[in-house]
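*Asks:* Taken in order, these protein sequences are the chains called A and B. The opening position of the first sequence corresponds to residue 1 in UniProt numbering, with each subsequent residue numbered one higher. The opening position of the second sequence corresponds to residue 1 in UniProt numbering, with each subsequent residue numbered one higher.
There may be inaccurate statements among the hints.
Since the list can't tell identical chains apart, any single copy or any two copies may satisfy a pair.
In the DSS-like style, the derived pairs of lysine-lysine whose C-alpha atoms are separated by at most 30 Å in a straight line are [to be verified]: (1) Lys6 - Lys145; (2) Lys299 - Lys6; (3) Lys299 - Lys209; (4) Lys19 - Lys170; (5) Lys209 - Lys59; (6) Lys59 - Lys303; (7) Lys170 - Lys83; (8) Lys145 - Lys303; (9) Lys59 - Lys200; (10) Lys59 - Lys213; (11) Lys145 - Lys59.
Since the hints were made in silico from the structure, they are not lab data.
2 protein chains.
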Amino acid sequence: MTPMNKQYRLAARPVGTPKDSDWSFTTEEIPTAAEGEVVVRVHYVSLDPAMRGWMNDAKSYIPPVGLGEVMRAGTVGEVIASKNPAFAVGDHVTGYHGVQQYGVSDGRDLVKVDPKLAPLESYLGGLGMPGLTAYFGLTDVGAVKEGDTVLVSGAAGAVGSMVGQIARIKGARAVGIAGGADKCRYVTEELGFDACVDYKADSFPQDLKAPLKSGVDVYFDNVGGDILDIALARLNRHARVVICGAISQYNNTTPVQGPANYLNLLVQHARMEGFVVFDYVRQYEEGTRQLATWYAEGKLKLKEHVDTGIENFPATFLKLFSGGNFGKLVLKVSED
Amino acid sequence: MTPMNKQYRLAARPVGTPKDSDWSFTTEEIPTAAEGEVVVRVHYVSLDPAMRGWMNDAKSYIPPVGLGEVMRAGTVGEVIASKNPAFAVGDHVTGYHGVQQYGVSDGRDLVKVDPKLAPLESYLGGLGMPGLTAYFGLTDVGAVKEGDTVLVSGAAGAVGSMVGQIARIKGARAVGIAGGADKCRYVTEELGFDACVDYKADSFPQDLKAPLKSGVDVYFDNVGGDILDIALARLNRHARVVICGAISQYNNTTPVQGPANYLNLLVQHARMEGFVVFDYVRQYEEGTRQLATWYAEGKLKLKEHVDTGIENFPATFLKLFSGGNFGKLVLKVSED
């Protein structure tokens, strides 16, 4: 049987949490390369909270995914055909081929990666966009410095896990917030955070009191909602709040919950600043080199949560919102 | 009859809008100066939105006013007795003598001012704290630059009126938001803003569309609430939101309304930063000199709304929240 290209396309704009009927599963022939193009066999698809935003018909930093289009997603795979002199068959590349098994590209969005240096799926995680998001968010937007206390929500997640580790490398204290005792144990025992607090525990947010007794210098927010307000209440003078995401709000059918404690910015002469990693595209190479160096020096631990089978995409995607993943969530879509 | 010192003291912590019963009116003998002290006869008391915050029993950048204490307020007056070599009888000084007719000070909080250069009450307005708030907020926190579009709420108020004028001096466009056609006319025709939009009009916020067609580079927020959200929706890339106050929220008995559109900070890589003018105490002299220079060059127009009679303090104070004042609100408390 000829291999085919299985795909997930956006069938409807979700209201709240995406349902199965918001997707259509299609099968096409494998694309071919025109002059200047390459065909990539996708091994892993990256699942990221930002994808939920791309499903809405709203103006944002990039256009929404159109109805009927293959769902946009970061990918890592292998070149299987090339009419572009910059890429050879067998090269491994990251790109944005979306939720499908084969993609075609003119090469401009592809970055070659070395599968001998780190597992292929790491290039979607700690050594990819989530790692770069943590790196630029914490060092540039958050302006972390030695002796700071850095608080990060989603601490066991793809971005948060890197934020705390980079904070420690920079000489700061790292305090995480994560859901559940297992994740918290992972964050402190494996990733080396100074503390981690379980937001699902009855004793939350009181549990934050001890690890934050010297206040918060940088809060790296991946979740929004009540936890953002709790962090705002604990800011030190001249603190920086890095707005990276708001996963607690992405499936809202009611308006986004604004941070009622934002006036603490005034009292503490603090700032809240947002960013998306695409703002740093010209520094990706520098950032990736730094992360890879730390990884090679044994200073960073990476963890991926790998689900398998493109058919499982809708269910796997929902793990982002239920906290069902542990580590950077990726889906293996190639069939061996 | 011997003159006495009439005073307003905080009698109860207000719930929502302050009531008459939250104050007590007292009469005491005029204080005398101990060694190192001066006695100041207060001519004008400054009425500022921040005073509402000082009435709450809440941790903030300065301690709350204690129950039974003279209400804290900025003042300008004349030295009538001095046992401090730095001050002579007849000197005019600003200070924090509160809502009373006579105050005593060790001189550390006093700044000499020249009543020949500008009317005494200006030193509570455009040449005083509100002017310095506008100056440091716009130039330092807001980092205004030539060609920017600066949006400011409370544009006819003590701070807002200065923000727009300083923006123009710096080569930026100034767009104001104020309550009522009269205030808007004043803002454009007398203060020289490029545009002003009436938030009480039925056509608000649509009226903002034309003057903000090139977006907002700096939003200077004095009001919070819905207007903050409207401004957040119109930010340009790398915009700065200066959180100076939130007068729409100060009398709330419900929680503060957080800005639901704060996620636009992420999309636009923008920041929201708060400050209080006390953060700049070491630069007051520099700032005051700059403002006085611009005033002398005819580049700044100042306007005070002067009510008369210390007995009218509770009613005059409420004008801050009803928009009943037009220009910097001061109360003349000296009796001639």
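*Asks:* Taking 30 Å as the upper bound on the Cα-Cα distance, should lysine 6 and lysine 145 be classified as within, between, both, or neither?
*Replies:* neither (47 Å within a copy, 52 Å between copies)
*Asks:* Between the shortest in-copy and the shortest cross-copy C-alpha distance, which are at most 30 Å for lysine 299 and lysine 209: within, between, both, or neither?
*Replies:* within (28 Å within a copy, 51 Å between copies)
*Asks:* Using 30 Å as the alpha carbon limit, work out where lysine 19 and lysine 170 are close: within a copy, between copies, both or neither.
*Replies:* So lysine 19 and lysine 170 fail the 30 Å test inside a copy (42 Å) and across (52 Å) alike.
*Asks:* When Cα atoms must be at most 30 Å apart, do lysine 59 and lysine 303 count as within-copy, between-copy, both, or neither?
*Replies:* neither (33 Å within a copy, 42 Å between copies)
*Asks:* Please sort lysine 59 with lysine 213 into within, between, both or neither, judging by C-alpha distance up to 30 Å.
*Replies:* between (40 Å within a copy, 16 Å between copies)
*Asks:* Treating 30 Å as the Cα threshold, decide for lysine 59 and lysine 200: within, between, both or neither.
*Replies:* between (33 Å within a copy, 28 Å between copies)
*Asks:* Can you tell me if lysine 170 and lysine 83 fall within 30 Å by alpha carbon in one copy, between copies, both or neither?
*Replies:* neither (44 Å within a copy, 54 Å between copies)
*Asks:* Is it within, between, both or neither when you check lysine 145 against lysine 303 at 30 Å Cα-Cα?
*Replies:* Within one copy only: 26 Å inside, 45 Å across.
*Asks:* Between copies, within a copy, both or neither: which fits lysine 145 and lysine 59 at Cα up to 30 Å?
*Replies:* Between copies only: 27 Å across chains, 35 Å inside a chain, cut-off 30 Å.
*Asks:* As a check of your reading, is lysine 209 near lysine 59 (CA-CA no more than 30 Å) within one copy, between copies, both or neither?
*Replies:* For lysine 209 and lysine 59, only the inter-copy Cα distance (17 Å) is at most 30 Å; the intra-copy one is 39 Å.
*Asks:* At most 30 Å between alpha carbons: which applies to lysine 299 and lysine 6, within, between, both or neither?
*Replies:* neither (38 Å within a copy, 68 Å between copies)
The structure does not agree with the numbered hints 1, 2, 4, 6, 7 stated previously, though it agrees with the rest.
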